[in-house]
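Enquirer: Residue-level listing of the chains:
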Amino acid sequence: MPLHQFLLIYNAATQRLIRANDLGDNTTGAVSAYAECEQQYRGNKDIEVVLIGSDSLETIKKTHGHYFGEVDPNEFFRTVKV
Amino acid sequence: MPSGPSELSPLPSKETVNRAGRRLAEWLYDSTVVIPDEEIDTLALHVYAWRAQHYGPLGLVMPMLRDWSDRYSTSNIKPSQRLKRFSQIIDKLHRHPDMKLARMQDVGGARAVLANRDEVERLHAKIRDTWGIHRTKDWRDDGRPDTGYRALHLMVAKRDQLSGEDRVVEIQLRTATEHRWSQVIMAAGERLGYSLKDGNGPDDLLEYFRLASDVLAAGDTDEPVGDELAERFIASRKKVRHYFPEKETT
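Chains A and B are the protein sequences, given in the same order. Counting in our numbering, the first sequence runs from 2 upward without gaps. Counting in our numbering, the second sequence runs from 44 upward without gaps.
Misleading hints may appear alongside valid ones.
[As the list claims (entries may be wrong)] Below, a list of computed lysine to aspartate or glutamate pairs in the DMTMM-like style, where the Cα atoms sit at most 25 Å apart:
1) Lys143(B) <-> Asp73(B)
2) Lys82(A) <-> Asp265(B)
3) Lys46(A) <-> Asp241(B)
4) Lys180(B) <-> Glu164(B)
Hints listed in this document are in silico derivations from the structure and should not be mistaken for laboratory results.
Work out the full structure, taking the sequences as your base and the hints as a guide.
Expert: Have a look at this one:
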């Protein structure tokens, strides 16, 4: 499976993912698209734009799970005990 | 009208890159610093151009990292890569006034999550023997003093075709347990409005995460949790309970 680039737009204030664009495995445009999107949101401190590459969005949900609401601090607190 | 990032990617010198990063950090965090919009655009494009020079090197690292991960990892999590966000770059320069952007070593980053420390060590050896390691940050045993973050970070230098020079990229190797902790401190920080992962937030909460990291590390190394650590963790956990309110169930 080729490496795909995903452009994520995330609202950190509401902790919601606004968009996850699969830019495919043609990587030449991905870096420019990333910078252009960041420029669009420059000045908006709530919005995070990030370019992450992996085999699938499913992997990114595991490696960068907080963008997808996949991480539950309460569950951690409840289960990490001595 | 400034050119788009794709058009203005020629190669700024390291001095230009350093100056651009520093000026943007001053501008963003000091309201007395006023810079015209056109100049901000130009400075930002230098930063984008510098960041773009880490994309090719990441592309050289990832195929082998993915291949080795398939061979050595039983975590069921494939590697990923990311280019550091613009705002994170500028924020880091603000937090480290002596840091130069051209020397920032995590502009391009790859992450592999492995099941345990043996697998981390196997991948570490493979990377060391194949590429050589430019610099190592090993927080596996003691954790980072400010937060308790644990992982092995390996900086490797790879050739960037845009500049014809080597650029350093960072490979993060984490056990699944270290990764879980790391994801949680980030999510908890976001929920509560603190940058806990950078060591900013209430002392009691930071202490809790440091001790939780110590407790989890004991599990990762098959060591028993010592009495003193256990007592401190239990006391700390009581103090921070209110940060983790349970939803009422009906």
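Enquirer: Run every hint past the structure and note whether it holds.
Expert: Tested hints:
Pair hint Lys143(B) plus Asp73(B) holds up; C-alpha atoms about 18 Å apart against a cutoff of 25 Å. Of the supplied pair hints, the one linking Lys82(A) and Asp265(B) holds, its CA atoms being roughly 16 Å apart against a limit of 25 Å. Between Lys46(A) and Asp241(B) the CA atoms are separated by roughly 17 Å; this keeps the pair inside 25 Å, and the hint holds. Taken as a hint, the Lys180(B) and Glu164(B) pair is honoured in the structure, with Cα atoms around 14 Å apart against an allowance of 25 Å.
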